[in-house]
Amino acid sequence: MSLYRPHKKGTTPSGYRGTVVARERDFTAPTVQLLNPAGVLRPTPEAEPYLPLVEALPDTTLEQFYRDMAISRRIDIAGANLQRQGQLALWVPSHGQEAAQVGSARAARAQDHIFPSYREHIVGMIRGLDPVNILSLLRGATLGGWNPAENGNFHLYTLVLASQTLHATGYAMGIQFDGSVGTGDPETDAAVLVYYGDGSTSQGDANEALVFASSYQTPQVFFIQNNQWAISVPVSRQSRSPLSLRGSGFGMPGVRIDGNDVLVSYAVTRQSLEEARSGAGPSLIEAVTYRMGAHTTADDPTKYRTDAEVAYWAERDPITRYRTWLEGRGASPAFFDEVDAEAADVAADLRRRALSLTAPTREKIFAHVYSEPHPLMAEELAWLDAYESGFEGGAA
Amino acid sequence: MSARTEEEQAVAETIELADAASVSASVAEPAQRDARDEHAEQGMRGVQTLSMAKAINAGLREALRADEKVILMGEDIGPLGGVFRVTEGLSAELGERRVLDTPLAESGIVGTAIGLAMRGYRPVIEIQFDGFIFPGFDQITTQLARLTVRHDGAISMPVVIRVPYGGHIGSIEHHQESPEAYFAHTPGLRVVSPSSPHDAYWMIQEAIASNDPVLFFEPKSRYWPKGPVDQDHSGVPLHASRVIRQGTDVTVVGHGAMISTLLQAADIAAEEGMSLEVVDLRSLSPIDYGPLLDSVQRTGRLVVAQEAYGFVSVGSEIAATVAERAFYSLEAPVLRVSGFDTPFPPAALETEYLPSPDRVLEAVDRALGY
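Respectively, the protein sequence lines represent chains R and C.
Using the numbering used here, the first residue of the first sequence is number 1, and each one after it goes up by one.
Using the numbering used here, the first residue of the second sequence is number 1, and each one after it goes up by one.
FYI, nobody ran anything at the bench for these hints, they're computed from the structure.
Owing to the predicted nature of the structure, the values given are computational and were not obtained by experimental measurement.
Just so you know, even glycine gets a beta-carbon here, dropped at the ideal spot from N, CA and C.
Be a bit skeptical, because a hint or two may be false.
Stated by the list, open to error - Computed cross-link-like contacts, EDC-like style, restricted to lysine to aspartate or glutamate with a CA-CA straight-line distance of at most 20 Å:
#1 C/K69 x R/D178
#2 R/K364 x R/D385
#3 R/K364 x R/E379
#4 C/K69 x C/D101
#5 R/K364 x R/E380
#6 R/K364 x C/D152
Claimed, not checked - With the C-beta cut set under 7 Å, the calculated list includes, among others, these residues of chain C facing chain R:
#7 A105
#8 G108
#9 I114
#10 R119
#11 R150
#12 H185
#13 A209
#14 N211
#15 D212
#16 G273
Unchecked claim - Label pairs and their computed distance ranges (CB to CB):
#17 R/A89 x C/N211: 30 to 36 Å
#18 C/E88 x R/K364: 42 to 48 Å
#19 R/A89 x C/A154: 19 to 25 Å
Turn these sequences into a full structure, and let the hints guide you.
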């Protein structure tokens, strides 16, 4: 007799007539917002605790947020044009994500360390990085482009998705081991801010970083820019629940914010970094935003998303809403004209300098592959030099 | 290193011979007791007879004591002392902040070690078994190996990854592999493998002192046999191959546990009237070709032995390079003896799979047949 007996529908092999309970599978998280899309400061209930952080900001800082966002958008245009003209291999636009980036970057202190993904150009500039270094990378003149120690602790771009989340966590472990956390000294207690995207949240490294951060209680903030699309794949393919809920699963707070609201981006990141510096451990922020442009200049977003969707997000533009709010507080037309002119100057200057970037020499292939002498590097450079010099007009 | 007295030089040479002998013997005679007593009087540590596991343990302890930026990271390396007990006692002596029992995630271990190195630490990672390094492969090859060049040399990556590797221990799948070629193929990494306790003691300290990432492959079947370790005199730089046994007819070269096999083959060959010269590579990236080419120029014949798959292997690289650089000295093609190009088989078949002294001698016979 066969041991296998097909069972009737609705019963188990043992004959148990159970009912399948449809458990709740819709997960939600409130979106924390201070400034609504119409440009009105109307905190959601969850945003109330963050309001004092914004109210404490002087006008000059509030104006700086606008200036940063305007420059970011203007540089985006310059970068895309340079790529179209064959001056860059690639441009990575951030149009639409300015509030998420500017608010969070301005929340960091000088001693903090920032680990970007590869789209955070304005974050680098806020930390003091000359953006021509980013163009040098995207032009194919360098593999890195800058020394973080000389550029506001803004680390190199990382193209392998989520790799930097682990580097950031290790760095934060080092801060913890060095005792540079929780001393109460606001000038030395440090934290790490790491950027990644909705697509990267699916990578193993992003999840392992959350495990290690939680395990070692690192002084660290995970900042996810959920721009809805990983090239052509929507965020629904990465996660069935809000990405902010990834925090609690790993034992840390997670907050979902309106990523197109620069004020909430600043306030929540500020609070999270201060908690991290105080020794309270890591936390996670999901900034819900939208990539208005292509993933990179190699992409055609009309193939995978609708005009209606883009129009919906255009209504929620981070710069327009913030300008409306500033105008309501009495910012003069002259201020906006001045910022626009400054942004145009920065972009034009950047373009000029990008065009005058020189190509590296062949020594760069071999230099610094190792920190210490390595026989193959020396042999192969010598061979290449001799080979090149064998051609007519070749360099000696 | 300070200049040696004649007496010290004599002691060191004797140890070198005893060290070579220990690779094939299970327990070496502690021949240097007198010297050890004298060293103790001079405040030196002298020569101890240690297993490779204990020698690496002692080397790690030295490095941890010498530099507080040195930290150990790995799975079960704390109170347990690692599955091979290589880190035994280190957590108790130096604390859990210096010897980190990490979450069980190899990519996480390597990736956070990179961040710690950026912060100024010198992490020494233990991968539990050879076959478990692959979850960390991406961080090792796309990040660790490249971050120095990506920073134009502004930072270095002093990370050591210790990997117990190789067969001969009758274990289950993923526990007996030899993945060193993947890493030797990757620019930016250094790859070494000691064959004796003395080499292991010094090379682990040299690896930790290196500002470049080092893959440190530990032949796990050699963890237990003992040999002399001179803790006062190194003479073992990180990337120096050496002739471990002199001979005249055929050169045989290998690394790690294979050195023991080659020395056994040389003993058998000697009984048959053949003289094999045995070269221990010690370093797989870069490869120190000097002693090897000198040897081949004398013998005219070379057999390369390795546990790893032969196809696209370190042995293939050596065969190609020796053919290029010593073509007119060669009396026969360079022959390779390797693991077969299959997954490491069930352990019941490992003696068929792994290069044995007989398989080395079969290749030696073929080399002599030309």
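These are the hints, each one checked on the structure:
no.: 1; hint: C/K69 x R/D178; in the structure: 10 Å, holds
no.: 2; hint: R/K364 x R/D385; in the structure: 13 Å, holds
no.: 3; hint: R/K364 x R/E379; in the structure: 14 Å, holds
no.: 4; hint: C/K69 x C/D101; in the structure: 17 Å, holds
no.: 5; hint: R/K364 x R/E380; in the structure: 12 Å, holds
no.: 6; hint: R/K364 x C/D152; in the structure: 9 Å, holds
no.: 7; hint: A105; in the structure: 4 Å, holds
no.: 8; hint: G108; in the structure: 4 Å, holds
no.: 9; hint: I114; in the structure: 5 Å, holds
no.: 10; hint: R119; in the structure: 3 Å, holds
no.: 11; hint: R150; in the structure: 4 Å, holds
no.: 12; hint: H185; in the structure: 12 Å, violated
no.: 13; hint: A209; in the structure: 10 Å, violated
no.: 14; hint: N211; in the structure: 4 Å, holds
no.: 15; hint: D212; in the structure: 5 Å, holds
no.: 16; hint: G273; in the structure: 38 Å, violated
no.: 17; hint: R/A89 x C/N211: 30 to 36 Å; in the structure: 31 Å, holds
no.: 18; hint: C/E88 x R/K364: 42 to 48 Å; in the structure: 46 Å, holds
no.: 19; hint: R/A89 x C/A154: 19 to 25 Å; in the structure: 23 Å, holds
The structure fails hints 12, 13 and 16 (numbered hints given earlier, in ascending order).
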